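> Same order as they appear, the protein sequences are chains A and B.
Numbering-wise, the first sequence is residues 246 to 579 according to this note's numbering.
Numbering-wise, the second sequence is residues 779 to 961 according to this note's numbering.
It is possible that part of the hints are untrue.
[What the hints assert, rightly or not] Stretch by stretch, here's where chain A covers chain B in the computed footprint (C-beta under 8 Å, at least three residues):
id	stretch
1	804-816
2	828-834
3	883-891
4	942-949
Since the hints were derived computationally from the structure, they do not count as laboratory data.
No experiment lies behind these values; they were computed from the predicted model shown.
Note that the Cβ used here is the ideal one computed from N, Cα and C, for glycine as well.
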Amino acid sequence: MLRLPPFVLHQPATLAEAIALLAQHAPDVRVISGGTDLVPNLKLGQTKVGHLVSARFLEELHGITRTATHLRIGAATGLHALAQDEDVREVLPALAYAASRIASPQIRNMGTLGGNISLDTRCRYINQTELWREALGGCLKSHGTECHVVPGGQGCVAALSADTVPPLIAYGAIAEMVSDTGVRRAPVADLFQQDGTWHVRIAREELLVAVEIPIPAPGTRVAYRKWSVRQSIDFPLVSLAVRLDTDGAALVGGSIVVSALGPRPRVLTLERLAGRPLDEALAQALGQMAYDRARPLPNIPYDAEYRRERMVIEIRRAVRVLIGLPEKPLMLQT
Amino acid sequence: MTVADSTPPAPVLVNLQLNGEPTSVAVPPHWTLLELLRYGLGLTGTKQGCDKGDCGTCTVRIDGEPQLACLTLAVEVRDRHVETVEGLGVGGEPHPLQEAFARVGAAQCGFCTPGMLMSASAYVDALSLQDDPVVRREDIAAALGGNLCRCTGYTKILQAVEEVAQLVLDRQRDLAEPAAEQP
């Protein structure tokens, strides 16, 4: 049986109160929203903290609003609510789909967008009980000096596993944080760093309040693909978004965002392919481009080279969906 | 210094609706809802499985939604409605899902059953609120996607939920369209 260590739980009713609590207790403080990542990590001793600040009662963090140019999604908006929201499904379908593929129905009823963005990194070693980890003597992320998944590794490479992050980056989402020093806005693409021990560039004093996502132009389309062992519950083994900006006949620009590699997503921009026609050759070219530049590590389950090949398959499928080709090559249809 | 080094924080008074009854209980802030239900209130119908959100056997309904009691801080259910498997039947009678699980043989060891029932009851309730409801096995499987069963292979669980869902829809149609009068 796994039990939580003692902590002080604060349940502020206002944003001002929450910010003051974070400033007072940083760095020994975490924000808790749905708790579906933080609670197991506390139980496993992966996260150790003295104070939790609940986001549950902060009105400013809830809800989705649509303007002529943007969608603003509160950080404490539930993942199920996000996946079901009519505005999100209409203008940001890849984000709605990614949210619908997270974990299980129960976890989508509890987890929030802000929590998913802040999801801790994962690897085959760290997501175990403290007792289990003691046997190998800790690791770079867990009171040790040695990486057990990449022999000789000097930096922690635990994988970013948040399903909403690739589509958020592909759509050009901006995150809004508040602290006692004011409001800070940063592209979601800039929120992550190559350090699996703590990969999210949101300070302990800061509260992620919302993300703002520009409504895509008519020629822009985004697809999300997730591959996991089971359709439900599992974290992604391959997680990616493909964005194609087109003028209707040819590619103008776009990006491929690949996650579940290391602590930071890889973003490949497509400007140099501008002018390419929207055809099967484009699907093949983008798959090859990602194969050459994004390399899965043996940090999460399944053979790394197999995940690399699988990433290519998922990119091709995403491109085919976006340009209206059959999702699978005709030769494989039976 | 973290709190773990000092005295555990004092219990906090929480008011909630539990199976329809207003309930006030003092609970330490680091207790989960699962610990409160099982060890604080003696409601052992909700099972303790993986304790980290993988298995779904601790599923309860919070404000109607299936959620995991093992990942919910008890203090965070303040002012909310919590329904456990003990609250599923009415007046000592089993819920139609409980009756169908028993009749169809949807339980073997039974450890996943309370969680299955809570997810299934949310599915059936949501179905009857839809404009043009249709019972589909793939929808039932998706609704139960967060509940693991290691015995049954799921077939009879899906069958039990499907039967009850169809029964609920049939009853709804009967109420909405009374049979034409006999000539």
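> Indicate, hint by hint, whether the structure satisfies it.
Against the structure, the hints come out as follows:
Look at the stretch 804-816 of chain B against chain A: 6 of its residues bring a Cβ nearer than 8 Å to a Cβ of that chain, three or more, so the hint holds. Counting residues of the stretch 828-834 of chain B whose CB lies closer than 8 Å to any CB of chain A gives 5, which reaches the minimum of 3, so the coverage claim holds. Remark: the stretch 883-891 of chain B is not confirmed as covered by chain A, as 0 of its residues place a Cβ nearer than 8 Å to a Cβ of that chain, below the required three. Three residues within the 8 Å Cβ limit are the bar, and the stretch 942-949 of chain B against chain A gives 0, so the coverage statement is violated.
Figure legend: structure checked against the earlier numbered hints; hints not met, in rising order: 3 and 4.
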